[in-house]
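Heads up: the protein sequence lines correspond to chains V and E, in order. Heads up: the first sequence begins at 90 in the working numbering, then just goes up one per residue. Heads up: the second sequence begins at 137 in the working numbering, then just goes up one per residue.
No lab work stands behind these hints: they were computed from the structure. Among these hints, one or two may not hold up.
Claimed, not checked - Label pairs and their computed distance ranges (CB to CB):
| hint | chain 1 | residue 1 | chain 2 | residue 2 | range |
| --- | --- | --- | --- | --- | --- |
| 1 | V | Glu115 | E | Glu273 | 38 to 44 Å |
| 2 | V | Glu115 | E | Met250 | 25 to 31 Å |
| 3 | E | Ser324 | V | Pro364 | 18 to 24 Å |
Said to hold, decoys possible - The following residues of chain V were derived to be distant from chain E, with all beta-carbon distances above 10 Å:
| hint | residue |
| --- | --- |
| 4 | Gly124 |
| 5 | Ala128 |
| 6 | Arg154 |
| 7 | Pro160 |
| 8 | Asp171 |
| 9 | Arg187 |
| 10 | Asp197 |
| 11 | Leu218 |
| 12 | Met222 |
| 13 | Phe244 |
| 14 | Ser255 |
| 15 | Glu279 |
| 16 | Tyr342 |
From the three backbone atoms N, C-alpha and C, an ideal C-beta is built for every residue, glycine too.
Each chain, written out:
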Amino acid sequence: MSEHQGNRSSNILLDIKNLATRFYTEDGVVNAVNGISYALEEGGMLGVVGESGCGKSVHALSIMRLIPSPPGRIEAGEIWFDGRDLLKLSEGAMHHVRGAEIAMVFQDPMTSLNPVYTVGFQIMEALKLHQGMDDAQARERAGELLSLVGIPESFQRLDDYPHQFSGGMRQRAMIAMALSCNPQLLIADEPTTALDVTIQAQIVELVVRLQEKLGMAVMWITHDLGVVAGMARKVNVMYAGYIVERGNVKDIYGRPRHPYTVGLLGSLPRLDAAPGTRLISIPGLPPDLIDLPTGCPFAARCVYAVDQCLEAMPQLEEVEGEDHIVACWRWKHVAETHHGEER
Amino acid sequence: MAAEIEVLVQVRHLKKYFPVTRGAIIQRHVGDIKAVDDVSFDIHKGETLGLVGETGSGKTTVGRTMLRLYEPTEGEISFGGTDLMSLKGGELRRMRRRMQMIFQDPYASLNPRMTVGSIIAEPLEVHDVSRGKEKRERVQELLRVVGLNPYFANRYPHEFSGGQRQRIGIARALALNPDLVICDEPISSLDVSIQAQVVNLLEDLQSQFGLTYLFIAHDLSMVRHISDRMAVMYLGKIMELTDRDEIYLNPLHPYTQALMSAVPVPDPLVEEKRQRIILEGDMPSPAHPPVGCNFSTRCPRAIDICSEVEPEFIEVKEGHFCACHLVKPDQVA
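Chain V on its own, in the form it takes in the complex (with noise of 0.2 Å):
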């Protein structure tokens, strides 16, 4: 808590600039995240989407320096976070940010809980760790916990092991202990994605109402672009590595500007769709990112795409009027095709 120096503005939360990730592996070295830069106000609600691959998890394990190294390495950036740049802080400092003040909820909560521990043994490590709670108190608040994140009976059900829960319950349990240190953020990665639907809707639920109660952050990291319709109010889209596209939920769906936001949103199957609408489908497939090309890494499978796209990267270019960013060349033909048709 000592190192406070700079950057601390009122309602920043995060502030990510030029972060770069890179992978040294035996195939090459592969550029997971290319230089991203964006910021996450208190109490906001982020939805980062893109398809596996696009460096959407890898950002967020940045955040958490939980990337492995070797043969992982954060190259470039800053990451200010509560005015101190995680980036700069010793382990030992870094260890109370993790749990305490930033904590992740992962995809599989089968292989994020240990299953030779209670639910309940696993709640309470971190509020003794981090809080200095004794057991009864430690028991007391894992209990409050559980019942927080709607587990009926949750004292008894302290007690049971892993595999006493459900799916569902399990991913509850995950989000009691993320929130077991009333973070300030909640990464959120796939928290979903191993869920029946149904099971979905309940989890969604819960993390828009524990948001609103505690007011945390909350970032949301999905491939699933209906999920995040209906809960955030800004999105990430990422491709190979870049933000490709950042705005307003509402200007993201109605009015996407990057090709491949465009497509991406093409592709996907509407229950409300009208009878014999056909998907239209992204030609090839995400560059490899080992040997990324020099110009914009949509461009080879963009029906938009011209010289320039395959020589230079676009940088990100403010859509005026709208708080939305685009990294395209063509953006505002992109816009005039693609929302002309519409009309």
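For chain V, the structure is supplied; the task is to place chain E on it using the hints.
For chain E alone, kept in the frame of chain V given last:
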């Protein structure tokens, strides 16, 4: 329209129980997992019937049991007028030419030691349909049909991406010109942009070759997109079966209603206005299904009879089947 319907597959009272045993040496039969518990449906020729349900609802078991990859515990399956249950050995194998399967995991369903060409040619060899040059040409044609380069025949599966592998699986399924293709979660392991490629391919192949699909998946939006009719499964039973539009506009079963409302729509303006029915708790174990209606433990509208008597799966209006005590034929508009 009703007059032209030709029924390709007729499934009646199909059951598949997996025994639960206890004891290391002397295995005692202590119970059953009722993976599929009395389902009946028809598949019309040329249509896509979607089978949707959550994990453990028995949808995959239905698909596998229909091909007799699992031996059904009880029930009748008729395929193109032939009773599948009475077939044995060679007869069954010959029948299987007409029904093929596409599997979920394109990494596990292709033998890594075989070239793509020999994977696709295997059904041709097993059924001794073609040999030599003819076989090689057929393989190349199939690769072209699924949108892959015919020269890929000499490569191995690891050289391909998930979407391309799924195309290889599709080519293999088409090798014998089947009538019915059972697609078991064919896209759930693929990325969104690749899913659309594969679904469009499946639609093109259907119109090109007049295929009939049973499309099994948990993604309700995708099943509704590709299907003509849809069946919703819960805990081994079909809860509701009807036309794709009818089920969206007029879902009758409380489970279907909850399932529909839980599916997110990728549009913030729509999401703002939607009402979610949040179900309590989890699906019970198929080893101990509830007495009465299987959904009664989570149903927001359950009444006394629901936990006592099992509702019958009946046609409540033309082409709309439902198993619920609250839905009676005379009350449906």
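Item to check | Violating hint indices (sorted, rising) | outcome: Hints 14 and 16 are the ones this structure does not satisfy, whereas the remaining hints hold.
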